[in-house]
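These are the residues of each chain, in order.
2 protein chains.
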Amino acid sequence: MKGFFQLISSVEFIELFERFHPLNTETIPLADCASRILAEDVTAPEQLPPFSRSTMDGFAVRARDTFGCSESEPALLNIVGEIAMGTSGRDIALRPGQTSRIWTGGELAAKSDAVVMVEYSHLLDEHTVEIFRPVAPGENVIRAGEDTEQGQMVLARGRRLRPQDVGVLAGLGITSVTVYRRPLVAILSTGDELVSPDQQPGPGQIRDINSTTLAALVEESGGIANRIGIINDDFDTMFTACRDALSKADMVLLSGGSSVGQRDFTLQVLEHLQNSEVLAHGVAIRPGKPTILARTGNKALFGLPGHVASAMVVYYLFVLPLLHRFGGMTADQGLLPIPAITGEQIPSAIGREEYVRVELVRPADGSPPVALPIYGRSGLLTPLVKADGLLVIDRDSEGLDKGAAAKVLLFPSLS
Amino acid sequence: MKGFFQLISSVEFIELFERFHPLNTETIPLADCASRILAEDVTAPEQLPPFSRSTMDGFAVRARDTFGCSESEPALLNIVGEIAMGTSGRDIALRPGQTSRIWTGGELAAKSDAVVMVEYSHLLDEHTVEIFRPVAPGENVIRAGEDTEQGQMVLARGRRLRPQDVGVLAGLGITSVTVYRRPLVAILSTGDELVSPDQQPGPGQIRDINSTTLAALVEESGGIANRIGIINDDFDTMFTACRDALSKADMVLLSGGSSVGQRDFTLQVLEHLQNSEVLAHGVAIRPGKPTILARTGNKALFGLPGHVASAMVVYYLFVLPLLHRFGGMTADQGLLPIPAITGEQIPSAIGREEYVRVELVRPADGSPPVALPIYGRSGLLTPLVKADGLLVIDRDSEGLDKGAAAKVLLFPSLS
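Sequence lines, in order, name chains A and B. In this text, residue positions in the first sequence follow our numbering: the first is 1, and each later residue adds one. In this text, residue positions in the second sequence follow our numbering: the first is 1001, and each later residue adds one.
Bear in mind the hints are in silico, worked out from the structure with no lab data behind them. The C-beta atom is built at its ideal place from N, Cα and C for all residues, glycine as well. Errors might be hidden in some of the hints.
[To be verified] Calculated cross-link-like contacts (lysine-lysine; reagent style BS3-like; alpha-carbon spacing at most 25 Å):
id	chain 1	residue 1	chain 2	residue 2
1	A	K407	B	K1402
2	B	K1402	B	K1386
3	A	K402	B	K1407
4	B	K1289	B	K1407
5	A	K407	B	K1407
6	B	K1289	B	K1386
7	A	K289	A	K111
8	B	K1386	B	K1407
9	A	K407	A	K386
[Said to hold, decoys possible] Label pairs and their computed distance ranges (CB to CB):
id	chain 1	residue 1	chain 2	residue 2	range
10	A	R395	B	Y1375	16 to 24 Å
11	B	Q1150	A	T330	44 to 52 Å
12	B	G1297	A	S247	28 to 36 Å
13	A	R95	B	A1405	50 to 58 Å
Taking the hints into account, I'd like the entire structure generated from these sequences.
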């Protein structure tokens, strides 16, 4: 017996991450940078679009030439040319009463300031067009620099790049991008009862579920998982495996062996690693209480609960935000919270935050989803297969009534 | 002029996907199957857990031996052994008044039916323990098969595998998995004005943004993107490029050239491909009206709007659900809808659904997020960088008042 846990709150746990800083960076081709995290601010080297463009097929005009025209009294304009796509509109300069044909995306003719849609025109002959509707200056035009001015900051450091962000980079001609390195995460399962998933368990043995699950979680979060596999639950084996794993990783996840008990060497191992500091041993959440966090330098070591369902909650609450921090993300850490309605009464104990696996049922009228708790002990895995996310019950709440507003943290793969 | 579009509704558009069926399947190792789509139902070949397990460190007992005990009147039990991890608990059979030490995850001793937590025990000597709290039968035990019974269906065909699903497969010893093939998507940008992102645009030219953006979208959706690049806006070039792309892809995305205009050959090309059938030409949404859908056999061809912002809306509304269908997903197609509050009045035109780019602001009290429209013409890209999703305004609505309940489709990378 090593005594009781010293529980800290989940907020205090997250605050410990301030001891860690982002990993170093690498420069990669534009085509590979989607979903990576930007390591420097990007300012526009040039304006976008580079010239004023039509947003319609039709006629580039001087807007004032169309003022007051109508179906019954069309404006008559003289067609002085056509701006072929990919050629400069500035080769044509409109004088009063003149127009030129233009296509969507084409560069406006010099002295033109608006475009009349082809639908509101009628060709009288190849040199003359009737315009039925007036246009205001700037109408159906995206002006040069309207999307991005030269020198404007377009994407901030710490942003996870989405498809549209990558599009902006392409538009600005930025074809290599500096991003944070993906965190390397070593995964170890401890337990003399464990066998690999491809082996047939003998009496008292069970297949290792945590390595596979945690590796999939790490990859889902943008990290690189290194599955070390199963190690026996004795101090020397664990110490050596941890030390070796740590030398090649930014983070080590140890699962199993983190409750208070005779055979639990995780804490001892983490205490004995060179220059290690145990930052937390126990957190006031359920499930997930026996979580351990240690560090050596800028490397983190987690002791996760042995039950996979509990380990997964701890992963999403703590490991994911720290991976985001390692990865350089500045905003919006962790799972996405959405409002929901509690589907049935859920009791909870004072003194710990509770994370309840729930299924979301979305009413057809678009009102907030109803969160239905999925029953089953915390050690069971299949309730997680049904779950859409985790409903949060505060530390000081005795539970939620049916119909009460609640916060649900969505599992990532739902969207 | 080829005349006006024949607009169909977004619902009618989605119904067209019934003409397409899932791609073929492949069998891959368990370690690679996260986020892939399951191509067959998985039933449990054996029960999980394989034996009744303790969920606590403590003492395996016959529950009735603890009935009525308390702090002041503890039950005295005789310790007859220890169930070491990874050994069979059935080697020890408890008689009345006997107990054996057990650890979390250990197999229960024969004839024991509950576990007393170590916290509620006190060792008198190495053979005798005092128990302070009674336990009910089954307490602190996960019984054999409680997670999964043998023969039970655990994962259904058409499911996108999440980390917990992969964990279940590991637990059941299923180390190779049959999934649907990832859709191959060829991406072509048409337009004589386009140059590649790594080139300096000349007068009237602009960099191709759509290829990069669409490729990132396809990869985000689990497809494999094949960037064909820029092709000139003439019938022969487009026809040849489309035909060649189609021979090596499940889907072709053509962007640019799908509005009604002299230089728009997309429709003609799609009509002239061998055995092609144009299923839709125009959809009553904004942005995205000039969308074209065609098919040859089970292959799909999309003509997307030239503006990247419009193309992205069409991608999420239509291309993504069809990719999911190709990929074999049975549930929950497309973007995740969440309830939100309209942040300011948004007018809309009757007769078309409107998809408004919005930023979500989450109130600290956990109430639904407020959706603030991001202004900027549909041709602009940077408003998409700020957007969290698309607010939907129905076809028959003239707009939404400030404070009105609204549905927002979340962009995937937010969570």
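Hint-by-hint comparison with the structure:
1. With a C-alpha separation of about 24 Å, the suggested pair K407 (chain A) and K1402 (chain B) falls inside the 25 Å cut-off, and the hint holds.
2. Note on K1402 (chain B) and K1386 (chain B): the hinted pairing holds, with a Cα-Cα distance of about 20 Å set against a maximum of 25 Å.
3. A threshold of 25 Å between alpha carbons decides the hint, and for K402 (chain A) with K1407 (chain B) the separation of about 24 Å falls inside it, so the pair holds.
4. Restraint check for K1289 (chain B) and K1407 (chain B): the C-alpha separation of about 21 Å stays at or below 25 Å, so the hint holds.
5. A distance of roughly 18 Å separates the Cα atoms of K407 (chain A) and K1407 (chain B); the hinted pair therefore holds under the 25 Å criterion.
6. Simply put, K1289 (chain B) and K1386 (chain B) have alpha-carbon atoms about 23 Å apart, close enough for the 25 Å limit, and the pair holds.
7. About 71 Å separates the Cα atoms of K289 (chain A) and K111 (chain A), which puts this hinted pair outside 25 Å; it is violated.
8. Restraint check for K1386 (chain B) and K1407 (chain B): satisfied, since their Cα atoms lie roughly 18 Å apart, inside the 25 Å limit.
9. Of the supplied pair hints, the one linking K407 (chain A) and K386 (chain A) holds, its CA atoms being roughly 18 Å apart against a limit of 25 Å.
10. Separation of R395 (chain A) from Y1375 (chain B) is about 42 Å and departs from the stated range, judged on CB atoms against 16 to 24 Å.
11. A hinted range of 44 to 52 Å for the beta carbons of Q1150 (chain B) and T330 (chain A) is consistent with their spacing of about 49 Å.
12. Between G1297 (chain B) and S247 (chain A) the beta carbons are some 54 Å apart, a value that contradicts the proposed interval 28 to 36 Å.
13. In this structure the hint that R95 (chain A) and A1405 (chain B) lie 50 to 58 Å apart at CB holds, the actual value being about 54 Å.
Hint check: violations occur at hints 7, 10, 12; the rest are consistent with the structure.
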